Every structure is written in structure tokens, then in C-alpha cells.
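Colleague: Single-letter residue listing:
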Amino acid sequence: MKILKRIALYGVLALAALSFIYPFLWMASATFKPLTEIGSLSLIPDHATLDNYKTMWARAPFGRALLNSVFVAGTITISVLVFGSITAYAMARLRFRGSPVLNAATMAILLVPGQLTLIPMYTLIVQLGLIDTYAALILPYLFNATAILMMRQFFLQIPQSLIDSARMDGMREMRILFTIFWPLSKPVLSIVAIFVFMGSWNEVLWPLLVVREQQLMTLPQLLTVFSLGGGAGSVGVSLASAMVLVIPVVIAYAILQRNFIESMAGSGVKG
Amino acid sequence: MPSVHFEHVTKRFGSTTVVDDFNLDVEDGELLVLVGGSGSGKTTILRMLAGLEEVTEGRIRIDERDVTHLPPRERDVAMVFQDYGLYPHMTVRENLSLGLRLRKVARTEIDRRVTWAAEMLRLEPLLTRKPKQLSGGQQQRVAMGRAMVREPLVFLFDEPLSNLDAGLRAQMRIEIGGLQRRLKTTTVYVTHDQVEAMTLGDRIVVLADGRIQQIGRPIDLYRAPLNRFVAGFVGTPPMNFVDGLIGSENGGAAFSAEGIHFDMLDRRMPETMPTGPVTLGVRPEDMEVDVCEASPDGSANGAVRGRVVLVERLGGTSHIHFDAGPHRLLAAVTNERLPEVGDAIAVRLNSERVHLFVGDQRVSSVN
Amino acid sequence: MRAEQRSGTLMAAPYTAFLLVFALYPILFALVLVFLRWDLVTTPAFAGFDNVQLLAHDGRFWRAVANTFLFLSIHLPLQIVTALSLALALNRPLAFRSFWRAAFFLPVVISGAVVAILWSNLYATDVGLINGVLVRIGLRPVSWLTDPNTAMPAIAAMVTWKNVGFYVIIYLAGLQYIPRSCKEAIEIEGATSWQRFRYLTLPSLLPQTILVVTLSTINGFQLFIEPYVMTGGGPLRRTYSIVLYLYTNAFAYQKMGYAATIGVALALIIGGVVFIQRRVIGKAEAV
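Residue numbers (the working numbering), protein chains in the order written: chain A, 364 to 634; chain B, 1283 to 1649; chain C, 7 to 293.
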């Protein structure tokens, strides 16, 4: 009787897991199918073809978009890690006037929906003449409130004695941060790195606003424009472009799932 | 009338045997204590009785009913947990009444029982509070009230006092004992604290390594421990042990070890007296200490020569730590005049209260 | 400690500057924009309360608000039930536990744009996978995204699918916190599985449920890429979302003042709804 329950449980779980994975499998297989086979339910194409990928690559600068995404997401992640940790260190371990205000302001920001500031930020970018620049994509994301709060929380728990002995050895604060705190902070740094990178990698709305030039578009943006704008021409091509965005993520996720789950569930950031 | 029977109960986890062929009959209405160190199996036995652990072999019966494979809710037992297990989102009243509400008992009856338990445990002012607003002792009482209210066949206690501080523990011991006597419900009580066991139990089961070492009334365990483990486990401060030899001397038996020579002339069991290697066991409270004036030859009847190492004054009783040869021993005395560190003392052992152990087993004396 | 003060201020300076430029200024300017009419090219013109009045009577805006409430009415219960069920199923010693967890969480890490494109194809009336399956088992195909009655529910189902893994993790964390002795106590007290769920598990998960409701609600109000990609807001504006309207006003119509007004209104609506939700659930807890 108990065994029956167990089997039923695993059956349900398998069904559920399948429903989450299968659509991606179908998508992957559809990209290898010629137009005639798109509607078919089978996962293995009768006549597998790379045409969809070739068409996609020819019609829009996906290679360039991939590089753009890597550059933008990478820069933002590094900035948040480096500058964010400097800020978090100051807020956690140094006493200076305005520290509590800064803390309160950071927490308050998290309460404001992004849409409120969307238009003013857009007008600011326009006025600074930064439309169609990498700066427009990167600047508003140089600092991340969630990341700073997380790092600050973590830094609070590092023993004061480490700082004191470092100071007595003559170390300056920045040195302390990067040579002592950073090695000890691998858990929180990797969590921050993942959700910041993923957030930036998947971001669409902001690029749609500030970038018009195809050469500068990020991958999800180009993908959206391409699929909607009819540039794809066919489902297979449009899905092929989606694959370019998805494959690196899936590979990273397969290897690092625990870190991904810990990071994105812990920070409340979704793709 | 509810009694509990364990028949050849064994529990194995993989290849490790945690409880080995446990047999016990708990009498109706008695408070039976399972006592032992960690890993002794006492908690596992309790949990098997509760239905929280599966029995690998054997049977458990409550009265005539075989409950071995029944889920907890069909056994009509109630349990008090070490961390109380109170439902954090419910008030005290709701905690107390949940069991009855689950069984669809009539509202008036629920209220009657809750009031009765609350009165007995002095919980009336706390009924609307939530567990996190209560102190440890109060939470403990709510946990007991929750068990009482169901009027079960058996009460199970899993080290309920371990999370309380010493003063509270002593107080709660008395309350639990008193409660159980009033309610007369069969109770199985698990603890690692032998003082709790000795003061609370009608009978005690001493466990080690999943096996019963001895079952008996507290006084029996104290006076006539069956083996070295029980002898050393029961009683505070613990029994002194000295390894040595029994030989013949002057028509009677004498125990000798390095630095110790003890005549047992006034012991009347020549036939069953062992010869050869034995371990002598004597409780600190069965020793009397005289401070020596001169240096006698040391073989006065039943006296052991020693040199004082430490004196702990505890008020009425004092603990005198002394060396007899290479052996460090402890005497618990009520003398008004106490020796100083470094003094030579003569320690008289009451030969009727002395225990002899061959291997691990005690060789029984007259008493 | 003067040195500490100096270092601290210096180290915090870049962030402070950032906050002033990219946080404080936009929030304040948003409020200013509400009272302006501006197309980014000509000089801004003072518009008094025009934007606000227009918004109050703007059928499209209120349609979007209604759409969002419809979305939430489907998405919220579906999300809670599914996430909780999966979490309960996972909360035990299981083979391949991390595999199940990773499978459920997979859609969470995938870009919303990709998911939207994927499901556009799955929902496609003629060549979509879903209709393909329906036809196979003998049912009639449904025009998921082109039928005004099914479009928003279809999107709601998809968003639930995408995010449920996230909430499963949240519920799982909550389930770990239920003390073992409470679970054992309630078993001994006579609870059936259902009773244990109702009297212990569910009440213990109240904080998590509040979180699920709040985050899903905020997420629902911020819907953009899904309608943008899948339906363009149609059919008959039934999937038009507030943010989509905001975007259109800014990007297509160049009406900055009005777009900002929508943004402010959205922030207020979200704040209000979340506040009411917390009150209501808080009361439910007291009961």
C-alpha cells in the first residue's frame, strides 16, 4: 500500500517535471525542423536541418547581440560587485555621518516600483544624449540596492578583530575590503553575481526604450524585435534566435543549479 | 486497566542494532522511568511505543491490544516532548483543546476538561497567550496539560525537563510526580538524569547499548545493583571502584589491592565468596572518616588508610577526596570536624554495604 | 574617529551620487512630469491637472487595470495551490530531489521574452503544440490568444508556469521551519493527514503565503513582455497591461507627461492593493 503511494507520488512529480521541461525540449527540436514539420508533435525531426539557424544568423546580428549582452551584463555585474561591496563595507563597518540615512534610503528604494522611475530615467538619458549608447544600458544599473543590502548584512557578521588587527598592521580600508573581506565573502558574492548577471541578461524593457540601433541591441531585445517585427518569417527561425539566448543559461544552470536557486530565490529576482 | 507490554522488541537501523530484544511489562498506573546515556536506546523505545518509529521485530501491546503497527493516532497515548512541541500559531487554550477538537468531542466537554487541566497546572491566566509569550516552565505545563486533557491510556515523557534550568527542574519533578499520583495514569518517562529517575520512578529501567541492565525499584537499584554499570550509574556521588583480589586470611576473606587492605571478617558468606580478582565497590556515603593521630599499621577492622587531597564543604555533607595508594577515592561524610588537605585519615567501610563485582556482575551479598 | 569618518564618506560617495541621480531625481521628476506636457523635442509645457483628469477618464487605462485584476484573480489562486502542492510533494526524503527542484525552477531563470515567444508558439491556434495535443485526443482546438475570453487566462496560466518554481522554493523553506515535535505531537493527538495540513501546516505557512500573494500581485501589475510579445495587448485590448500602455505612450506617442502619470498611478495602485491584501490576510490569521 505504501509502495503504491510512493509510485503515485513519483508519477505525479515526473509529470510535473516534464511539463516544465518539455516545452523547452520542443522548442529546441523545433529549431531543427524544416517549416513543414513545425506543427508535428514528435521531438525528433524527420529531416533535421540547420536552415533555421543559418537564416537567423544572416538576417540579424545575433552574434553581435550576444557580445553586447555579455558586455553589458558582465560590466554591470563587476560594477555591482566591486562598487557595491565598497559601499556595503562602508555601511557595515565604518561609522560616518549619513550612514543610517543611506541605509534607510536603500531599503526605501526597494519599495518603489520600477515603472515609476522609468519615464524620468528615460528622459534623463535622452537629455544627456545617451540614446543608443552602452552607457545608457549600463549606467542606471551600476549599483543594485538588493545586492548592497545583502552584502552589508554579510559584512556585519565578520569579526571586528580581523579588521582591528589589519588596521594595526597599517592596512587601509580598501585593502581590508579586498584582501580580507572578499575571500571570506564568497557565498554572498556568488549569490549577488548570479542574480545581478541574470537580471541584466534577461532585461528587455529598458533596452527597448533606450536603444534603437540594431548593432547595439542586447540579445533578448533583438530576439523580441526580430520575432515581432516579422524578421523571422517563420517559427523555426524565431525559436532559433531564442535558443541563442537560452542555451548559455541552461548550461550554466545545469552545472550550478543549487547556486542559481539559492541566489534567485533568495533575492526575489526573477528572469 | 491499561498496562504496557514490550515483547522481544528490537530496533535496527540498517546494520546497527539500537534496541536489542527489549522485554518489559509496565504495570497499570505506575510511573516507569527509562534511564540511560545517549545511545542507550531509551528514546527509541519510547518513540516505538508512541508509534513514531517502526518496530523491526517484536510486539508492543497496550493492555491486550496489539499496537505494534498502528499509527500514533490510534494508540490513545499522549506525549510530552523535550522542546514541548506546542503549536506556535495557537493560543494556550487552542493548544490544549486541539486533540479533542480533532476527535469532534462536544464543546462543553472540551471546555470542562480544559478548565480542569488549567486549574491543576495553574494555567488559567495564560489561556489566551501564545507559546512564545510563555516561559520554559509554563510551556512545559501547557505541554502536560495538552496530554492530560485527552485522558489517554498512557502518558509518554521524552526528557521533558532537559531544557529547564536546575531550580525549575527540581520544582517540575515534584509537580510531575504529584500529578501522576493523582491521575494514576500509566506513565513511561525517559531521562538521562539519574536523580530524576530515582525520585520519580516507581520502577526504573536502566539501559545501555540498547539492552536492559536492570529493572527495579529505586531502592533496589541503589542497594543491589546487578552490575558495574548500574552500580556506577545510580547514586550521587557515584560509587568508588577498586580492582583487587580476594584472599583468605585469618579464617576469613580479605580484599587487597595496592595500598588497600580490607578485612571482611564480619561478612557472613564464606561459600559464595569469590576468590581471585574482583572489583570492590563502595558508595561514598557508606564510608566513615577518622583523622589519624599516630601512624597505625593500617589493618584495623575494615579501615583503609588514606591521605586527603581535597575537601569540598557542601553544607550538611562534605566530600573528602583522598588517595589510598594509587587509588583516588571519595567519601561523603556528615562530620562536623573535617580533616585538612594532606592529613592522614582512616576510612572505615561498612562491610555490609560493600559490593563485590566479578567481571561486570555483582556477587550478591547477604543484604 | 576622523579617519573612519573620512574613509566611510569617501567610500559611500559614489553610491550617494548614484542615488541622487538615478533614484531621488527620477522619483521627484516623475511627480513633476505628472503636471507637464512634453514630447522630448519641444519645451515642456505646464499642463496643470490635465494628465490626471485624462487618466481618470481614460478607458484604455482602466481597461488595463481591469485586465490586471482578471489576471490576478486567476494567477493568484493557481499559483498558491500549485506551488504549495509541489512543495508538499517535495518536502520528504525523495530520490532525485535536486532534479525535481531544478526542473520546477528552470522556467524561472529563463528570460521572460523567451518564455513569451515559446508560449506564443505553443498557444498558436493552427500549429501550436497545445492544440496539437487537444486534437490528438479528440478535442476541439482553442484559439487561445486570439479569443478575447481566453487570451488573458492563457497568459495567466503561462505566468504561473513560469514562476511557480520560485514559490515552491519559498514554501519549501517555510516547511522546514515547522518543528518536528509539532508534527509528531499533532499526529499523536489524532490528526489525519488532512487535519494536520489544515491545523498545522497551512497556518504555519502564513508568512510564506503572504509573500507569494504580495510578490505575485506586484508581478502581475508589472506585466509587460508577455502581452507585448504574445498579443500586442489584444484581442480587443483584453490583454492590455498598464505597463504596456505606459510604454506605448512614451515610445509611440511621445507623451512623457502622460506616461509618467501612468507610472505614478501604477505605483499608487500597487501600494494600495498590497496594503489591503496584507490587512485582509492579517485578519485571517487572527481568526
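The reader is advised that the hints may include incorrect statements.
Said to hold, decoys possible - Derived pair list, reagent style PhoX-like, types lysine-lysine, alpha-carbon separation capped at 20 Å:
(1) B/LYS1412 / C/LYS189
(2) C/LYS189 / B/LYS1414
(3) C/LYS289 / B/LYS1412
Calculated directly from the structure, the hints in this document are not laboratory data. Please read these numbers as outputs of a predicted model, since none were measured by experiment.
Colleague: None of the hints should be skipped; say for each whether it holds.
Modeller: Status of each hint after checking the structure:
no. : hint                 : verdict
1   : B/LYS1412 / C/LYS189 : holds (18 Å)
2   : C/LYS189 / B/LYS1414 : holds (18 Å)
3   : C/LYS289 / B/LYS1412 : holds (17 Å)
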